[in-house]
Amino acid sequence: MQFIESIGNTALNIIRAIGKLVLFIYLFFQFIFKPRFYFKHNSKYFFEIFISSIPIIALTGIFSGMVLALQSYTGFSRFSAESAIPNIVVLTLTRELGPVLTGLMISARVGSAIAAEIATMRVTEQIDALKTLNTNYFNYLVTPRVLSLTLAMPIFVTIVDFIGVMGGYVVSVYRLGFNENMYLINTIDFLSFSDYFSGVIKATVFGFIISIISCYNGLYSEKGAFGVGSATTNAVVLSSILILVFNYFLTEIFF
Amino acid sequence: MEIKIEKLSKKFGDNHVLKDINLVIEKNKSTIILGKSGCGKSVLLKLIYQLIENDEGSILYDKKSFVNIDKFGMLFQYGALFDSLTIAENIAFIDFIDSRKNYRNKVINSLKEVGLSTDIYNKYPSEISGGMKKRVALARAIYKNPKVIFLDEPTTGLDPINSDMINELIIRIIRKKKMTAVTITHDIQSALKTGDNYHFLNEGIVEDSGTCKNLLKSKNKRLNDFLLGVKKLQKNK
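Taken in sequence, the protein lines are chains A and R.
The opening position of the first sequence corresponds to residue 1 in the numbering used here, with each subsequent residue numbered one higher.
The opening position of the second sequence corresponds to residue 256 in the numbering used here, with each subsequent residue numbered one higher.
Keep in mind that the hints were calculated from the coordinates and are not lab data.
Don't take every hint at face value.
With a straight-line cut-off of 25 Å between C-alpha atoms, the simulated BS3-like cross-links for lysine-lysine are [as the list claims (entries may be wrong)]:
#1 Lys266(R) to Lys131(A)
#2 Lys259(R) to Lys131(A)
#3 Lys378(R) to Lys40(A)
#4 Lys131(A) to Lys319(R)
#5 Lys448(R) to Lys223(A)
#6 Lys399(R) to Lys284(R)
#7 Lys266(R) to Lys282(R)
#8 Lys131(A) to Lys402(R)
#9 Lys34(A) to Lys378(R)
#10 Lys131(A) to Lys326(R)
#11 Lys34(A) to Lys259(R)
#12 Lys448(R) to Lys131(A)
#13 Lys432(R) to Lys40(A)
#14 Lys399(R) to Lys131(A)
#15 Lys266(R) to Lys301(R)
#16 Lys131(A) to Lys361(R)
#17 Lys388(R) to Lys131(A)
#18 Lys318(R) to Lys131(A)
#19 Lys448(R) to Lys432(R)
#20 Lys399(R) to Lys40(A)
#21 Lys388(R) to Lys223(A)
#22 Lys223(A) to Lys356(R)
#23 Lys223(A) to Lys399(R)
#24 Lys266(R) to Lys20(A)
#25 Lys356(R) to Lys367(R)
#26 Lys223(A) to Lys291(R)
#27 Lys356(R) to Lys259(R)
#28 Lys40(A) to Lys356(R)
#29 Lys20(A) to Lys301(R)
#30 Lys282(R) to Lys301(R)
#31 Lys131(A) to Lys432(R)
#32 Lys361(R) to Lys40(A)
#33 Lys378(R) to Lys131(A)
Full structure from sequences and hints, please.
Structure representation (structure tokens):
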């Protein structure tokens, strides 16, 4: 009986959490039309996040492109189809690996930072202090973070795509002996705007997911150091899972 | 500002935190709210500040049911200073957020008022001591010249010397600025020193009220048990 009760309670808790999250997203869209986002006061913070994310995503891009070229070669050389490597590298990066890997890395780097910061503010009553100072805490904390990350993700993905293709180029030309001009021609000729565009749309959706989930976990964190820790962990785990799930559905749409 | 609370109730789920509260916070007086942890003091403070909504009853501010919260100031238990902002930006937050830049003199006056050096103007909260943080938080609370100041455990986490200093500061500021003060505290010495009136909350109801001069003479058993408990705790410390 207790077992069934615990299943019921868990189900209820999940439904409650989903309901709260939906309300939170509704609040975001409601506040987005209230023109007070305090961007100026958050600009230093966003600049730091943007700059500090570049090295991580650059490394992600270059090594993904390099590994992709090597692994593709292993497979395609068996069918004498090595010439397809530039196409595979660029398509896989722009359509799939670029947005997904960037999403996962940004969720770990930026999402965790957002969740930890807002959760700490909640635990130390800084959010209550904002309310007492007649400041809309949602527009001060949530709206600028969500908008910034949603808009920054396509830029991040463009950087990853470019650096990734260059990684593939370096390995293919200097390690696998490809002709450099042919590699670049094959890369550019086979890439259509829709390939890049589908990746950018994915990145925008992932940016929204990471920021909204991180802000939600931060704002509704439990008290104490444990609360901050679990808010951060939940933000990264949940946004990573959602990135993978939404990636499938978005791929279905752009298939 | 006089604040009159009538038949105020607040529930969180099945937890009835405040039940039928009736009390008056007199204009330009210092009112102390006493009670054990979890008795509903902080919820009462948030209700008066209009940060949360009540389920039943009413709160009247000078006979009006609503007041702009710009007329209130709040000192939080642990200061609640914004870590990413400088001391000046923290104190002048309402001007800083509105991108007004001419707050320097006002901040310097506020710092002087709470007995702090202007050297900390550009420092961050992590660079100053706990006692200083509390005084900066007090400077932020009084920056907009509120009519009512709410003080949540103002001496928590401070050593006796700093506690005494904060108490003196509070008395001086509320008298000078003719403010109404509402203080939540467990610190009896602080209550006796800074308060005019007290209300003792127990399990969501007002058990006892009176003047702070007569606090130790109260015949309410639960209040006396509470006072005895606090004294024992202070002795053990």
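Evaluation of the provided hints:
1. The hinted pair formed by Lys266(R) and Lys131(A) meets the criterion: a straight-line CA distance of about 21 Å does not exceed 25 Å.
2. In summary, the hint linking Lys259(R) to Lys131(A) is supported, as the alpha carbons are separated by about 22 Å, within the 25 Å threshold.
3. Restraint check for Lys378(R) and Lys40(A): satisfied, since their Cα atoms lie roughly 20 Å apart, inside the 25 Å limit.
4. Simply put, Lys131(A) and Lys319(R) have alpha-carbon atoms about 21 Å apart, close enough for the 25 Å limit, and the pair holds.
5. Straight-line distance between C-alpha atoms of Lys448(R) and Lys223(A) comes to about 32 Å, which puts the hinted pair past the 25 Å bound.
6. For the proposed pair Lys399(R) and Lys284(R), the alpha carbon gap of about 19 Å is at most 25 Å, so the pair holds.
7. A C-alpha spacing of about 28 Å is found between Lys266(R) and Lys282(R), which places the hinted pair above 25 Å, so the restraint is violated.
8. The hinted pair formed by Lys131(A) and Lys402(R) meets the criterion: a straight-line CA distance of about 17 Å does not exceed 25 Å.
9. At most 25 Å may separate the alpha-carbon atoms for a hinted pair to count; Lys34(A) and Lys378(R) exceed this at roughly 33 Å.
10. In summary, the hint linking Lys131(A) to Lys326(R) is supported, as the alpha carbons are separated by about 13 Å, within the 25 Å threshold.
11. Simply put, Lys34(A) and Lys259(R) have alpha-carbon atoms about 34 Å apart, too far for the 25 Å limit, and the pair is violated.
12. Proximity of Lys448(R) to Lys131(A) is assessed by CA-CA distance (about 30 Å); at most 25 Å being required, the pair is judged violated.
13. Distance restraint check for Lys432(R) and Lys40(A): the Cα-Cα separation of roughly 34 Å exceeds the 25 Å cut-off, and the hinted pair is therefore not satisfied.
14. As the CA atoms of Lys399(R) and Lys131(A) are separated by approximately 15 Å, the hinted pair is consistent with the 25 Å bound.
15. Under the criterion of a C-alpha separation no larger than 25 Å, the hint pairing Lys266(R) with Lys301(R) is consistent with the structure, at around 13 Å.
16. For a cut-off of 25 Å, the pair hint linking Lys131(A) to Lys361(R) stands: about 22 Å separates their Cα positions.
17. The straight-line distance between the Cα atoms of Lys388(R) and Lys131(A) is roughly 19 Å, inside the 25 Å bound, and the hint therefore holds.
18. For the suggested pair Lys318(R) and Lys131(A), the alpha carbons sit about 24 Å apart, so the restraint of at most 25 Å is met.
19. Only pairs whose Cα atoms come within 25 Å are accepted, and Lys448(R) paired with Lys432(R) is accepted, the gap being roughly 18 Å.
20. At roughly 22 Å between alpha-carbon atoms, Lys399(R) and Lys40(A) fall within 25 Å of each other, so this suggested pair holds.
21. Of the supplied pair hints, the one linking Lys388(R) and Lys223(A) holds, its CA atoms being roughly 21 Å apart against a limit of 25 Å.
22. Between the alpha carbons of Lys223(A) and Lys356(R) the distance comes to roughly 35 Å, so the proposed pair goes past 25 Å and is violated.
23. Note on Lys223(A) and Lys399(R): the hinted pairing is violated, with a Cα-Cα distance of about 30 Å set against a maximum of 25 Å.
24. As the CA atoms of Lys266(R) and Lys20(A) are separated by approximately 19 Å, the hinted pair is consistent with the 25 Å bound.
25. For the suggested pair Lys356(R) and Lys367(R), the alpha carbons sit about 20 Å apart, so the restraint of at most 25 Å is met.
26. Only pairs whose Cα atoms come within 25 Å are accepted, and Lys223(A) paired with Lys291(R) is accepted, the gap being roughly 20 Å.
27. Between the alpha carbons of Lys356(R) and Lys259(R) the distance comes to roughly 38 Å, so the proposed pair goes past 25 Å and is violated.
28. A distance of roughly 13 Å separates the Cα atoms of Lys40(A) and Lys356(R); the hinted pair therefore holds under the 25 Å criterion.
29. In summary, the hint linking Lys20(A) to Lys301(R) is supported, as the alpha carbons are separated by about 22 Å, within the 25 Å threshold.
30. Distance check on the hinted pair: Lys282(R) and Lys301(R) sit about 19 Å apart at the alpha-carbon level, within 25 Å; holds.
31. A distance of roughly 23 Å separates the Cα atoms of Lys131(A) and Lys432(R); the hinted pair therefore holds under the 25 Å criterion.
32. The hinted pair formed by Lys361(R) and Lys40(A) meets the criterion: a straight-line CA distance of about 22 Å does not exceed 25 Å.
33. Distance check on the hinted pair: Lys378(R) and Lys131(A) sit about 24 Å apart at the alpha-carbon level, within 25 Å; holds.
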